[in-house]
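Engineer: What follows is each chain in one-letter form.
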Amino acid sequence: MMGETVKIRVDDRELEVQRGTLLIEACRAAGIEVPSFCYYPGLSLQAACRMCLVEIEKAPKLQTACTVPVTEGMIVRSNTEQVTQARRSMLEFLLGNHPLDCPVCDKGGECELQDMVFRYGASESRYGEAKRHVEEQQWSPVVYFDAPRCILCYRCVRVCDEGMGVGALSVVNRGVHTEIAPNHGDHLECEECGMCIDICPVGALTSGAYRYKARPWEMQYTSTICTHCGDGCKTTLSVRNNKILRGNNRDRSGINGEFLCIKGRYAYDFVEHPSRLRQPLIRRGRELVETTWEEAIGTVAAKWSEILARRNKAANNTLAETSEKRSEGFGVIGSNHTTNEENYLLQKFARTVLQTNHVDHHRTADYAALIHALANESAEQPSQAQRPPLARSKDIVGASAILLVGNNPTEQHPLIAWNIREACRLNGARLYIIHSRRIPLLRQSHRFLPLGLGHEADALRHLCGEPEATQALLGETPSGDNVTADLLNDFRNRLQEEKDVIVVFGDEITGPDVSLLIRMGSRLSGQTRYIALGDYSNSRGASDMGLLPHLLPGYRPVGDAAARAFFEDRWKSPIPATVGLSVDDMVAATLQGGMDALYVVGANPLKGRNPEDFCGKTFLVVQDLFLQETAQAADVVLPAASAYEKSGTVTNTCGELQRLRKAVGVLGTRTDLQIFASLAAAMGATLHPSQPEEALEEIRQMVPEYNIPLANVLAGGAEAVLNPNGFKPLAAPAETSGRVYSAQDTLFTSGTLGRFSNILNLVPERNIRKEPGPA
Amino acid sequence: MASILGGIVETVAALASGFKVTFRQMFRPTVTENYPDEAPNFQNRFRGLHVLQRDEAGLEKCVACFLCSAACPSNCIYIEAADNTAEQQISAGERYASVYNIDYNRCIFCGYCVEACPTDAITHGHEFELASYNVTDLIYRKERLLAQKTTTDQTAAGDPALSMPSGRNQSAS
Ligand code: SF4
Ligand code: SF4
Ligand code: SF4
Ligand code: SF4
Ligand code: SF4
Ligand code: FES
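Protein sequences, first through last, are from chains A and B. Numbering-wise, the first sequence is residues 263 to 1037 according to my numbering. Numbering-wise, the second sequence is residues 31 to 203 according to my numbering.
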C-alpha cells in the first residue's frame, strides 16, 4: 500500500511523507509538537478547537494542521511567535468560561487542558467576568456530565456515533450556550460503554464508578485481560489499597486499542461483592456450614481416594457379577473463565489421578470442529496454507470483506463489533450478513441475507451452489421480508467477487456445518480466514487445553493410541481410552445416581434447576466464586480466586494468547491452580507443575500450537497460537455428543459474574433494551 | 600605696568587665521560658501539629484533592475521598475527605502540604507535644486534626475533646 510520497519542510526540517497524510500526523511522526484537542486518530475531522494552528507559507492566515493534507513542497512553521500567540489565545478563550475547579475535578492530574495550559498557556488570566454555571447532571448510573468543564471538542459525540454506532450524544444550543446533550433529554439510553468518558480530554464526562475516589498518581496500574466475553480486551485496572477503582486502557496497548465495553470498564465489582465465597463450606446434614481449608481439602481427598480404591478393586475382579448398577466414576466439569494453565492441569488431574475422560466444559463455539475441518481442508488444498486460516481480531479492521453468519457481536462480542464497524468506516470493508434476526450491525452491512431460525446451513449450501438449499431459503421471512432468487443470487455473486474474506460465525454453525462453512470459504478467491465466536474469556483456551471428553490438549483424540502414548509418557500415568461424557450427560447421570463423584470448577451446570434435586445424588465438589445453584447442591464448596486475582494466560476467541496479571487479592480464596495442587497432594498423588509459569512451559512442550514466542505475551501483548507445521490432517475427527451453544449473554449480562456485578444490575438498559427482532 | 590603689582599680575594672554581660542582662527582659512549668511562646509561623480548617459556614475546607499528600516529601498523608450528598454536606465542594490521616511518625513539619493546599484547608497549628510510647497513636485521624466548629452547633462536631487541636498530652492516652 506504499503510495506516492511528497516532500515537505517543517521548521527547517525536510520530511518525506505519504501523499494525503494529515499535516498533524506528519509532524507528530517526526516528533514535532502540534497540540490538539478535537483531532483524534480514527475519528472524523472536526476542526473545532483551533489548538493545532500552524503557519503555512503562502496561506494568508494560520491553518489547522488537523485538516490539511500535506502537499508537495509545503513549507510549515510550528513555533513562530504568531503560532505561540494563537495557542495562548485559544487557551485563554477556553478558560474564559472554565470553572478551574481542578482540586475537586476528577480529571485533575491527567487532564489534557491542565497539561496544555501548563505548556502553552498564559500564566495569568485577564478574564474577570462572572462565569456561566450549570449544575452537574447525572445521565446514567455510570455517566456524569459537568457542562462548564466541557471544551466542546466533540470527541464524545464522534466516538459514540462512529466508534460505537450508538449515536447517543449530540450538540445542542449555540454560542456560549452550546452543550453536549444525551439522547433522552436528561438521561442516556445507550450501551453504557464509557468510551465517551474515557475519550473526554477534560473532566466534563466522569465515571459514576470512579468519580471522587482517588487521584491518578495515587493508584497502581495492573494491565490484565477482561474476564467477561471471549474477545479478550486488555484492561488496565487502577488499584488502591487492594481495591479496584476503575478499568480502562488509555495507553492503547492491547488488541483492543482503547476500546472497552461496559463489562471490561466497570464490571470488576463482582470481586468484592458481599456474597463472594471467602471460606470453604461443607455439608453437615442439610446445611452447608463454614469450615477450614484443611478440613475441606481433607474431606474431598479422603472421599475421592475411597472412590478410587473401590473402583480399582471393582476393575480387578471384572469377572465377578456386579449386581450394583454401573457407575461412571468421576465427572469433571471445567470453566470458561479459568486460565489455560488451570484448564490444562484440571484435565491432567482428571485423566491421570481421577482416571476419567468425563471431562467437559460448557462449549460455546465449536472450535474442535473448526480446527479439524481446517486441517482436512489444508490437506486437500495445500496452496491455501500460506497464511494462518484463523484471523486475529485486529485482522478484521484491515479486511476488504467480512462475512458474518449468526451471532450478534454488538451484544455478545463488543470488540469484534467495534472492529467490524471500524473496518467498514475507515477502510470501506464490505460486510455480508447471514442472519435470522435484525441485528444492529445491519446498519453497516453491504448485503443481508435474512432467513428463518436454523436455516444458516441452507444458506451455506446455497453459497456452495446447491439448488435445493436455494429453494429452502425462498419465501417470506418471519418479519415479512420476501427472499427472492434474485436476492440470493446477488448475495452469492457479490460474495464470490470478494477476495480474502474473513468469515465470522457464532454457535449457529457447529459440527458438520463447520465443514460446510469451510467448503464454502475455500470456494472464495484469495485466502479465506475464520473466527469462531465463543462466549467468555477462556472458552477457546478450555477447548485448546483439552477440557473435552473426546480430545486431549491440542485437539488430539483420546481414541488415538499414539496421541495417548505421547501424553502418558510425559504424565507418567495411563489415560483412559474411551470417550467420556459431555456436561449434559454427566448432569443426567448424576440425577440417576450414576456418578460416584462430580467435580465442578468455575461453572454452573445446574443453572436454572432446583439444587434440591441433586443433593445427595453424588459426592459433589464445587469450586467457584459464588454460591450458585450447583454450589448449593454441593457437599464441599471451595472458594476460588477470580481472573483478576491471579496470573496465568488466557486465549481469546480468535486464538490470541494473552497474560493475566494479579491486580488484587481476596482474603480466604485460593487460585484454582493452588486448589488442584493441594487436592492432589492430600490424595498422595503428584500433580506437576504447581506454578503457572511452569505449567505454561509444559503446555508449550505438549501442545505445538502454543509453542510460540512468548516475549510479546510476557510484555503484555498478544500472540496468535498457531501450528508452526501448518495444519496437519488429523485422524477422522472424533465425534462426541454434547451441545455447543452460546449463553446468549448481552452487553449487560455475563453469566454468574454478571449476576454479581452491581454496575451491570444498575444500568436501566439491562431491562429496557430491545432484543433484535426476527429477520 | 599607689600600687595598692592601682591594684584595687584594676580589680574593680576587671570585675566590671567580667560582669558586664551579667549586669547588662540583669536589666533586660527575660527570654528564658519555664517550659514545662509554663506554656511556651511561639512565633506565629511556628509549624506544629496540623489543623484542618473549616470555612465560615462550618463546612470543612478540605475537598480531598490529594495535593497535600502528593506534595508531602515523607509520604505521610493518607486520604480517601467521597461525594458530598444533598443530605450530608461535609465540605463546600463536590467532594470531601472521608478519611484524612497524618502519620506523625513520619511527618517532618516541612509545611509543603500547607503550601500545596489550594483551599487553605490544612495549616500548621502550634501544638507540638506529640511524644508517645505507642507508634500507632501517632497516626492522627481527621477527627483529631479538624478545627472545632466555631459557629452554632457544638455537638455536631463530635466529641469536643477529640476535635480540639489545642488540647495537650492527648496522644499518650
Ligand atoms: S477539566 Fe482539567 S482544567 Fe478543568 S477543572 Fe478539571 S482538571 Fe481542571
Ligand atoms: S457510554 Fe458509550 S454508548 Fe453511552 S453515550 Fe457514552 S459512548 Fe455512547
Ligand atoms: S464532553 Fe468532553 S469529549 Fe465531549 S465535547 Fe465536551 S470536552 Fe469534548
Ligand atoms: S468486549 Fe468483551 S473482552 Fe472486551 S471489555 Fe467487553 S466483555 Fe471484556
Ligand atoms: S488538605 Fe488541602 S491539599 Fe490536602 S486534600 Fe484537602 S484540600 Fe487538598
Ligand atoms: S486539533 Fe485541529 S482544530 Fe482541534
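Everything labelled a hint here was simulated from the structure, so no lab data went into it. The reader is advised that the hints may include incorrect statements.
Stated by the list, open to error - Partial list, computed: chain A residues near chain B (C-beta under 8 Å):
{"id": "1", "residue": "366"}
{"id": "2", "residue": "369"}
{"id": "3", "residue": "370"}
{"id": "4", "residue": "373"}
{"id": "5", "residue": "470"}
{"id": "6", "residue": "475"}
{"id": "7", "residue": "476"}
{"id": "8", "residue": "480"}
{"id": "9", "residue": "483"}
Claimed, not checked - If the Cβ cut is set under 8 Å, some of the chain A residues that face chain B in the computed set are:
{"id": "10", "residue": "365"}
{"id": "11", "residue": "474"}
{"id": "12", "residue": "479"}
{"id": "13", "residue": "705"}
To be verified - Straight-line Cα separation of at most 27 Å, DSS-like style, residue types lysine-lysine; simulated pairs:
{"id": "14", "chain 1": "A", "residue 1": "924", "chain 2": "A", "residue 2": "656"}
{"id": "15", "chain 1": "A", "residue 1": "565", "chain 2": "A", "residue 2": "924"}
{"id": "16", "chain 1": "B", "residue 1": "172", "chain 2": "A", "residue 2": "505"}
{"id": "17", "chain 1": "A", "residue 1": "869", "chain 2": "A", "residue 2": "879"}
{"id": "18", "chain 1": "A", "residue 1": "656", "chain 2": "A", "residue 2": "575"}
{"id": "19", "chain 1": "A", "residue 1": "369", "chain 2": "B", "residue 2": "50"}
Only a predicted model underlies this, so the values are computations on that prediction, with no experimental measurement involved. The beta-carbon is built from N, C-alpha and C at its ideal position, and this holds for glycine as well.
Engineer: Would you pick out the hints that fail for this structure and give their numbers low to high?
Structural biologist: Failing hints, ascending: 2, 4, 5, 9, 13, 15, 18, 19.
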